[in-house]
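Visitor: Given next are the chains, with one letter for each unit.
4 protein chains.
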Amino acid sequence: MFFVSDNAAPVAPEVMAALARANAGYAMPYGNDAIMAEVRAAIRTAFEAPEAAVYLVATGTTANSLALALFCPPWASVFCHRSAHIAEDECGAPEFYTAGAKLVLVDGAAGKMTPAGLDAALAGAALGGVHNVQRGMVSLTNITEKGTAYTAAEVAALAAVAKAYGLPVHLDGARFANALVATGATPAEMTWKAGVDVVSFGGTKNGLMGVEAVVIFDPAKAWEFELRRKRAGHLFSKHRYLSAQMAAYMEDGLWLRLAAQANAVGQRLAAGIAATPGCALEAPPAANLMFATLPRAAHARARAEGAAYYIFGTDTAMTGDPATPLPARFVASWSTTAEDVDRFLALIRG
Amino acid sequence: MFFVSDNAAPVAPEVMAALARANAGYAMPYGNDAIMAEVRAAIRTAFEAPEAAVYLVATGTTANSLALALFCPPWASVFCHRSAHIAEDECGAPEFYTAGAKLVLVDGAAGKMTPAGLDAALAGAALGGVHNVQRGMVSLTNITEKGTAYTAAEVAALAAVAKAYGLPVHLDGARFANALVATGATPAEMTWKAGVDVVSFGGTKNGLMGVEAVVIFDPAKAWEFELRRKRAGHLFSKHRYLSAQMAAYMEDGLWLRLAAQANAVGQRLAAGIAATPGCALEAPPAANLMFATLPRAAHARARAEGAAYYIFGTDTAMTGDPATPLPARFVASWSTTAEDVDRFLALIRG
Amino acid sequence: MFFVSDNAAPVAPEVMAALARANAGYAMPYGNDAIMAEVRAAIRTAFEAPEAAVYLVATGTTANSLALALFCPPWASVFCHRSAHIAEDECGAPEFYTAGAKLVLVDGAAGKMTPAGLDAALAGAALGGVHNVQRGMVSLTNITEKGTAYTAAEVAALAAVAKAYGLPVHLDGARFANALVATGATPAEMTWKAGVDVVSFGGTKNGLMGVEAVVIFDPAKAWEFELRRKRAGHLFSKHRYLSAQMAAYMEDGLWLRLAAQANAVGQRLAAGIAATPGCALEAPPAANLMFATLPRAAHARARAEGAAYYIFGTDTAMTGDPATPLPARFVASWSTTAEDVDRFLALIRG
Amino acid sequence: MFFVSDNAAPVAPEVMAALARANAGYAMPYGNDAIMAEVRAAIRTAFEAPEAAVYLVATGTTANSLALALFCPPWASVFCHRSAHIAEDECGAPEFYTAGAKLVLVDGAAGKMTPAGLDAALAGAALGGVHNVQRGMVSLTNITEKGTAYTAAEVAALAAVAKAYGLPVHLDGARFANALVATGATPAEMTWKAGVDVVSFGGTKNGLMGVEAVVIFDPAKAWEFELRRKRAGHLFSKHRYLSAQMAAYMEDGLWLRLAAQANAVGQRLAAGIAATPGCALEAPPAANLMFATLPRAAHARARAEGAAYYIFGTDTAMTGDPATPLPARFVASWSTTAEDVDRFLALIRG
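Protein chains in written order, with my numbering: chain V, 1 to 350; chain F, 351 to 700; chain Z, 701 to 1050; chain S, 1051 to 1400.
If you're looking for bench data, these hints aren't it; they were derived computationally from the structure. Cβ atoms here follow ideal geometry from the backbone N, Cα and C, with glycine treated the same way. Be careful, since some hints might not be right.
Result set (DMTMM-like, lysine to aspartate or glutamate): computed pairs, CA atoms no more than 25 Å apart in a straight line [as the list claims (entries may be wrong)]:
1) LYS1213(S) <-> GLU1098(S)
2) LYS921(Z) <-> GLU1138(S)
3) LYS571(F) <-> GLU924(Z)
4) LYS893(Z) <-> GLU951(Z)
5) LYS543(F) <-> GLU504(F)
6) LYS571(F) <-> ASP918(Z)
7) LYS571(F) <-> GLU48(V)
8) LYS1271(S) <-> GLU88(V)
9) LYS893(Z) <-> GLU788(Z)
10) LYS221(V) <-> GLU48(V)
11) LYS163(V) <-> ASP819(Z)
12) LYS863(Z) <-> ASP807(Z)
13) LYS513(F) <-> GLU924(Z)
14) LYS1213(S) <-> GLU224(V)
15) LYS513(F) <-> GLU539(F)
16) LYS1271(S) <-> GLU1088(S)
17) LYS513(F) <-> GLU1138(S)
18) LYS571(F) <-> ASP89(V)
19) LYS1243(S) <-> ASP1139(S)
20) LYS163(V) <-> GLU1274(S)
21) LYS221(V) <-> ASP439(F)
22) LYS1271(S) <-> GLU48(V)
23) LYS863(Z) <-> GLU574(F)
24) LYS921(Z) <-> ASP568(F)
25) LYS1213(S) <-> GLU438(F)
26) LYS863(Z) <-> GLU88(V)
27) LYS921(Z) <-> GLU574(F)
28) LYS221(V) <-> ASP1268(S)
29) LYS1271(S) <-> ASP807(Z)
30) LYS921(Z) <-> ASP1139(S)
31) LYS221(V) <-> ASP568(F)
Partial list, computed: chain Z residues near chain F (C-beta under 10 Å) [claimed, not checked]:
32) PRO773
33) ALA799
34) VAL830
35) HIS831
36) VAL833
37) TRP923
38) LYS930
39) ARG1001
Produce the entire structure from the sequences given, and follow the hints as far as they go.
Guide: The following block contains the structure:
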């Protein structure tokens, strides 16, 4: 009953096995390992993007920040949802990597920007010529930070707004596989066919030890990316161990299978919470991440049996009024079991 | 016969086993895993520094850059040897992380600064008041980039020069274990007892998959370090896998055993090269890294049998004059065997 | 009838005379001129702050940015009003100078933050520990960008909120003299007595050619300021000409006289607009800057006779429906005359 | 007898008069003043560069830093002479503005790089692929910091080396007019015809109050320059006063006349020193700046009568051995008189 985060789950056994296999003998360092060539080919194939530049880094913050820095100059703005990970959870990494670009926060229900909302934000910016920060790029997150998903068509609609202003588009896909499973889109449909220029293709939240790929559809900036990555300390000498994780992830659709597992138990959890008297979901979750309000008593029973997840608010002690609804976040992962979910649901139902 | 780099060697089996053990169940992310507490305690004990702040990152460039940024303001200089990794091999990472500090390159034979040389460089700097870059800090590398070692007394002598100017001292210990084995110093003698303020305590070149510790003896800047690390994308969500590596490294002296192995085969290699007619070492190597000049014919015989290492110069093809001496770099690792070395020596002897 | 901006006005004759006087013979460069000592003493006296560090720069953006960089680390936020000059009109200079700090925009009527609004913004920030940008400082603008003024008591109330979070306070005083004239506060009451740590003390909008002072009440950071200023290219070699302007400004209360003139004509203009049928002020202006809505026909008559000021909106042509109200900004300066104002009022009244 | 620096001289009377003329009435701010159009045209004509982008800033450090930042990415190096102003005297401004580029210092007699020396430095750099800082650009200074001049042919030879590596070239022309007078070259010959891409065209050391132009021969980067200038606080609201200075400077060849005056008295001084027993010039000065060694007694006599200039070394007191030679720097300016020089020469001759 561990619903704290999908980044607290273990590494998938297929990935551990791949690491063990990769550990034989010597390998050229710094991305010149043989496995990286396989990874590049596999990701290009999955994205139907034979020319794409593909690089590995170890954290999502790095993937996002390097992607933003590649496309947004220091004197420009990244337009993103108010709840975006780049805005809320990266301690200013985008500002650090871009050398001081600004994030412009766009509101929108359930963690999603709308084309009209994005257009209004873009239209209202950069009206002062040289005096204000210029429009730089747009960054979307899918699965959103609120647990909802953009369909490929919704991504395309937002990207079309960005393109109308001549701006590149980044997709933070920390839960990219979950988004594909949730929406049925292909990688290409969700990205370059929709107008996305660069993707943070997540692996860590979905069974890897710590690898994300940055996929840049136009390889013109590939060398600049390599320099930025190295300069930031994100080029690994023993790179084969990153490659091995990603190779295993891409092999035989493991990445989509793991996401399908996570989404399925997530949906089971969501349905169970929604069906529990006194409990309510904030928004219908699309995948494995959800926000819900439960009575304090329900939390207390679950907590007492070891359930782990974030409860929000200023009075989260289990000793207050048992009827008070307390909001919480639940994240299922590839390793969450239906039994875990059912046990938790039984507990909150008392 | 793979002497390209110690960062091309595999991960030590004890470390792989620790990763497998760490992969059971869930663990709190972002350094809040239980294993990190063990790591912190083990490193503090090893360094006899019960108050030290201890953090893990995944690459040596990161460890160095964050350490420098913590102690050197943007308008100041880091004084280091001309061949230092921070100067030659990090694509400007120190400048990026410090927001534009300057490196002042100090000459010195065999990769080592001398107290007089350092003092002269410091004395000649910052004479223009506000007009020039201020003196910021001193950074040493041990094992040096030329394969030599500073004794603890030599580190202390250099640190004393730095302290005379009020400057903090960083030690790039990418091969710290090798340096201790080579000199017989304890971790404390080589660092804080000698006047070092912050250490990049390397693991990746010595059997880990990708972990370095930053050890900050005065914990006053610990929180700033945490913010800098996060902001740079170097705080791992699945941090337990970094912790597990370092915990295994520190357990029962594995780190020193691995370094002792590497140094022993390195010395065997060095002695063998030195004893080979027509071959010469550039400087007597202290540990597992060395530069040597071999006749082209010797290189050619070794290469033909698969020996791998860097040969320098503008005419490194194996087809030229067989008597021409060509300089090369050789690095032994924990996994290099005496058999490897002997086979190589037999080859170069023809 | 030139109401575009107070920074489009000429230099006051007293200041031109001082420049001419300063042009005799040689003077030591880089702030070591004799006049700077007078300036320092005069500003310290005016602010009743005998220990304050006082520096001159040439633009308001520079004064603000250096002040923010001095007090806000790169991984922290500056809390300011949504309309603040640092947020809207400096092309990201705060982000550039702070190496990537974030601005958090606080709403508030008529360009003013309220203590409750500021407190709410602060309370809602930095809840994620190392994961999000930390609280850094608070920046106020007085006269605000909307033409209103904070009283010294209001500044103190806002600063008290900042202090409750342990944060330093910056005051953007591009129109500081106008604010003092408008509110009757002394320089000390409006700044350090109210809890302000650093002031951008404006001169350029109030009759100087291009000089602002940065007044830092705790001189501990003085040397860092000098290095930051030099490193940014803002230390003038022929500094005496900056000193001369500021010395003239401080002499015999010229700075307050010029502001009083500007405020008086500004208020005359505001009263006249308010008394004109079909015209309305957005907020009662406190000084020389105001926003007002006039029928297109009124604008057209004034424009036809050469009145200059900014009209906002997407349909600002003078050919549309004459009754449509169009918002505009008017700024009076020390050199605006009552005749100018009366002529303009006569024109808009038709 | 004030030879401290040409930036300690007064403003030329023609320039003061122009400032007074510019002070009539209102003018649009931020470079939209009418005089700036004249300036742009005059500089384009002078440089025979009708397409060049021309911008004004107030200090030489700013002109240099913005020029470097425009052409050198953060992960690259600027190759310059070891004594260059950008390396020695700007407190790291190039590193600040470029976001962390590195300066590579090239040696060369009398403050001048040679093509061979530059080529060797370039050839030795960026050999490590992604691991080290890339080659970025070359920066020359003319008049050099040692008082010598590059001829246009010498500039062209150095630029040819840069171009062979595909690098842009910057010319720090803080004393550009002096260099033209010294060598007889035209502005075009000394710059774009020789392969220079961007010039810091100095005015402050040659009779202006504080204005330098940045001349960018390919205007493709003009808008980026404007954003960088604004973002750094170097766009002046009352820009007309910068324009007025530069307009006066360009009018009727004032800039060359002032430089000719400075060079003439400088050469008179140099010849006089060289002809004085016991005194020696370090290198034959080309213009108005020179280094010379005089016996302490000579210095003492001059100092006693009020001569002002920098004496170098650790024992510069006038009380030591009167025969000891002490090195010093002398700078003549447009306002230095032949009488001043002759009086000084008489003093040192005793």
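Visitor: With reference to the structure, classify each hint as holding or not holding.
Guide: Cross-check of the supplied hints:
1. Taking the CA atoms of LYS1213(S) and GLU1098(S), the gap is about 22 Å. The hint holds against a cut of 25 Å.
2. A C-alpha spacing of about 24 Å is found between LYS921(Z) and GLU1138(S), which places the hinted pair at or below 25 Å, so the restraint holds.
3. Distance hint between LYS571(F) and GLU924(Z) is fulfilled; the C-alpha atoms sit about 19 Å from each other, no more than 25 Å.
4. At most 25 Å may separate the alpha-carbon atoms for a hinted pair to count; LYS893(Z) and GLU951(Z) meet this at roughly 23 Å.
5. With a C-alpha separation of about 12 Å, the suggested pairing of LYS543(F) with GLU504(F) holds against the 25 Å cut-off.
6. At roughly 23 Å between alpha-carbon atoms, LYS571(F) and ASP918(Z) fall within 25 Å of each other, so this suggested pair holds.
7. Restraint check: the Cα-Cα separation between LYS571(F) and GLU48(V) comes to about 47 Å, which exceeds 25 Å; the hinted pair is violated.
8. Our distance criterion of 25 Å between C-alpha atoms is broken by LYS1271(S) and GLU88(V), whose separation comes to about 34 Å.
9. Proposed proximity of LYS893(Z) and GLU788(Z) is contradicted: the alpha carbons are some 28 Å apart, above 25 Å.
10. With a CA separation close to 19 Å, the supplied pair LYS221(V) and GLU48(V) stays within the 25 Å bound.
11. With a C-alpha separation of about 38 Å, the suggested pair LYS163(V) and ASP819(Z) falls outside the 25 Å cut-off, and the hint is violated.
12. Note on LYS863(Z) and ASP807(Z): the hinted pairing holds, with a Cα-Cα distance of about 20 Å set against a maximum of 25 Å.
13. Between the alpha carbons of LYS513(F) and GLU924(Z) the distance comes to roughly 21 Å, so the proposed pair stays at or under 25 Å and holds.
14. Restraint check for LYS1213(S) and GLU224(V): satisfied, since their Cα atoms lie roughly 21 Å apart, inside the 25 Å limit.
15. In summary, the hint linking LYS513(F) to GLU539(F) is supported, as the alpha carbons are separated by about 17 Å, within the 25 Å threshold.
16. Restraint check for LYS1271(S) and GLU1088(S): the C-alpha separation of about 21 Å stays at or below 25 Å, so the hint holds.
17. Pair hint LYS513(F) plus GLU1138(S) holds up; C-alpha atoms about 24 Å apart against a cutoff of 25 Å.
18. Our distance criterion of 25 Å between C-alpha atoms is met by LYS571(F) and ASP89(V), whose separation comes to about 22 Å.
19. With a C-alpha separation of about 29 Å, the suggested pair LYS1243(S) and ASP1139(S) falls outside the 25 Å cut-off, and the hint is violated.
20. The suggested pairing of LYS163(V) with GLU1274(S) holds, with an alpha-carbon distance near 21 Å, which does not exceed 25 Å.
21. The hinted pair formed by LYS221(V) and ASP439(F) meets the criterion: a straight-line CA distance of about 22 Å does not exceed 25 Å.
22. Under the criterion of a C-alpha separation no larger than 25 Å, the hint pairing LYS1271(S) with GLU48(V) is inconsistent with the structure, at around 35 Å.
23. Our distance criterion of 25 Å between C-alpha atoms is met by LYS863(Z) and GLU574(F), whose separation comes to about 21 Å.
24. For the hint linking LYS921(Z) to ASP568(F), the alpha-carbon distance of about 23 Å falls within 25 Å, and the restraint holds.
25. Annotation: proposed proximity of LYS1213(S) to GLU438(F) holds, straight-line Cα distance about 24 Å (limit 25 Å).
26. Between LYS863(Z) and GLU88(V) the CA atoms are separated by roughly 24 Å; this keeps the pair inside 25 Å, and the hint holds.
27. Using a Cα cut-off of 25 Å, the hinted pair LYS921(Z) and GLU574(F) holds, with the two alpha carbons roughly 19 Å apart.
28. Between LYS221(V) and ASP1268(S) the CA atoms are separated by roughly 23 Å; this keeps the pair inside 25 Å, and the hint holds.
29. At most 25 Å may separate the alpha-carbon atoms for a hinted pair to count; LYS1271(S) and ASP807(Z) exceed this at roughly 37 Å.
30. Under the criterion of a C-alpha separation no larger than 25 Å, the hint pairing LYS921(Z) with ASP1139(S) is consistent with the structure, at around 22 Å.
31. Restraint check: the Cα-Cα separation between LYS221(V) and ASP568(F) comes to about 42 Å, which exceeds 25 Å; the hinted pair is violated.
32. This hint holds: PRO773(Z) has a C-beta 8 Å from the nearest C-beta of chain F, less than the 10 Å allowed.
33. Checking ALA799(Z) against chain F: minimum C-beta separation of about 5 Å stays under 10 Å; hint holds.
34. At its closest, the beta carbon of VAL830(Z) sits 5 Å from a beta carbon of chain F; the interface hint therefore holds under the 10 Å criterion.
35. Interface hint at HIS831(Z): satisfied, since its Cβ lies 7 Å from the closest Cβ of chain F, which is below the 10 Å cut-off.
36. Hint on VAL833(Z) holds. Least Cβ distance to chain F is approximately 8 Å, under the 10 Å limit.
37. For TRP923(Z), the suggested interface contact is upheld, since its CB lies about 8 Å from the closest CB of chain F, less than 10 Å.
38. Contact between LYS930(Z) and chain F, as hinted, is supported at the beta carbon level, the nearest pair being about 5 Å apart and thus within 10 Å.
39. Evaluation of the ARG1001(Z) hint against chain F yields a violated restraint, the C-beta minimum of about 54 Å exceeding 10 Å.
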